[in-house]
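The task is simple: from the sequences and hints, build the whole structure.
Protein chains: 2
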Amino acid sequence: MREQAEFGKLVIFGAGLVGGSFALALKAAGQVQEVVGFGRSLSGMKQALEFGIVDRVGINPGHEIPDADLVLIASPVAQMPEVMARIAPYLGERTLVTDGGSTKMDAVAAAREFFGGRIGQFIPGHPIAGAEHSGPAAARADLYRNKKVVLTPLPENTPLDVARIRSAWEWCGAQIHELSPAEHDRIFAAVSHLPHLLSYALVYDLAQREDSGRLFAFAASGFRDFTRIAASHPEMWRDICLANRLPLLAELEAYRRQLDALYAALEANDGGRLNDVFTAARAARRAWASEAEK
Amino acid sequence: MREQAEFGKLVIFGAGLVGGSFALALKAAGQVQEVVGFGRSLSGMKQALEFGIVDRVGINPGHEIPDADLVLIASPVAQMPEVMARIAPYLGERTLVTDGGSTKMDAVAAAREFFGGRIGQFIPGHPIAGAEHSGPAAARADLYRNKKVVLTPLPENTPLDVARIRSAWEWCGAQIHELSPAEHDRIFAAVSHLPHLLSYALVYDLAQREDSGRLFAFAASGFRDFTRIAASHPEMWRDICLANRLPLLAELEAYRRQLDALYAALEANDGGRLNDVFTAARAARRAWASEAEK
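Chains as they are written, first to last, in my numbering: chain W, 1 to 294; chain U, 1001 to 1294.
A couple of the hints might just be wrong.
Said to hold, decoys possible - Derived coverage of chain U by chain W (criterion: at least 3 residues anywhere in the stretch with Cβ under 8 Å from a Cβ of chain W; other residues may be distant): (1) 1190-1198; (2) 1201-1212; (3) 1224-1235; (4) 1242-1248; (5) 1262-1270.
None of these hints come from the bench; they were simulated from the model. Virtual Cβ for every residue (Gly too), placed ideally from N, Cα, C.
Structural data, given as structure tokens:
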């Protein structure tokens, strides 16, 4: 079946949850002939070999990139420019590059800087499949099944190249959506980055207090759900916040205005206003949940 | 075994999740001889009879309260004064009254107003066992097993009466804690009422926008967890917010200061500060989770 594989050589930068699951899914679908992995830690790459995520560990991008069909940059957002700088000199004529970063305007800016005239070979992407764990041990061939993947194609991309990247993610079982990079970043600032910031802020606020032990002792299931994302990886979320700084500042500003309005309503004993806000929120949350369960 | 029951007659106001589960648990433990239920809806009380939560539906408090050993007021917070006014004239010498409300200063104020010289017979309580469902159908004999129940005894309560209420909850399998009413309200403003308000505010903020459909379309698991409590009952949470207005305003004010600081850090591109806050929050959240799982 090897001659039918859609991609001959896949190179992944980062063989953890995002990159490792992508490689495992394409291998399971028989759509890659060979996977070469680059990573920052030797132990991580050893694990990736052990788990069958990669066939070889790459050492020199100059040897591995020119004949690669597909490169997935699944490094943390902040390290993406460095990876792009390393591979840019070696991109082959047919090499397509995509990424798995949670923010897209910054990835596009870095790609324009390092890929220059070859920017058309970079099709930015963002798979929406968070999980509590990370690293090669967390990678799973079915991670992306029925999950959303957002591609944010550039004017320089050819329709055929975009279709090839779509196809790779479709082989992983994902549902593909397209947005512009700016739309993507604005939407995810609202529905993902802001909630993380708010959850961290609440836990931090309580943890700083002298009686934090007693406060936490009485926290229950509502607190548990609200703060689950405050256990997310700090450096990763610092980098996402910085990378998506302006849209996130705008969302934070809009949210502060909502809190100011709720503060005023509560101060004025305005039960009608509280009820209106809570009722509208519950209706929207319920509609979302029944839609999301489909 | 009936002669060994700790309580002869239990009267519950509200036979839903909170009151119904209390009655079922005491019945299962063989610690009540008879349960009489009062409720606002005829259909709810019929269900409570059907499910064996109550043995009889009460009609006239003047007939049911004088010989009651224990009265649990498990009505919504805002209806508690009305229930207290209805039963106050009929309290027997031995009748103990407790409640299941989420706020305690307001319950104590109402009890002082209506019970007057009999305030010592009222031992305020708050079982911490939320569930997504409500009504008699949601009641379960094991709802309180290993859950926390906070009692907030008054100076007028005798140690023996407090011990009897503790004992009733212990028969339900709960872990009993004691706080003053003011401590209780301050703690729950921080770990419960504020998170609900914040979660409602986020969903409301997004739901009001023209492009809310597209925003919600890309919301994923982080959003799901953060906003689960925004599907909570609007009137119930309006009443809790109003009942615990001053402590909640203080918490909201403290939280807004945290957001202001995070806004400033993000505006200044201060990754170090973001990292410090996120790291401290994650450590506290993880410590809480491992403690809570014990």
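Evaluated hints:
Counting residues of the segment 1190-1198 of chain U whose C-beta sits closer than 8 Å to any C-beta of chain W gives 8, which meets the bar of three, so the coverage hint holds. Only when three residues or more bring their CB closer than 8 Å to a CB of chain W does the claim for the segment 1201-1212 of chain U stand; here the count is 9, and the claim holds. With 12 residues having a beta carbon nearer than 8 Å to a beta carbon of chain W, the segment 1224-1235 of chain U meets the requirement of three or more and the stated coverage holds. With a cut-off of 8 Å between beta carbons, the segment 1242-1248 of chain U has 3 residues touching chain W; three or more are needed, and the interface restraint holds.
A count of 5 residues in the segment 1262-1270 of chain U with a Cβ less than 8 Å from any Cβ of chain W is obtained; the coverage claim is therefore met, three being the minimum.
Going down the numbered hints, you'll see the structure goes against none, and every one checks out.
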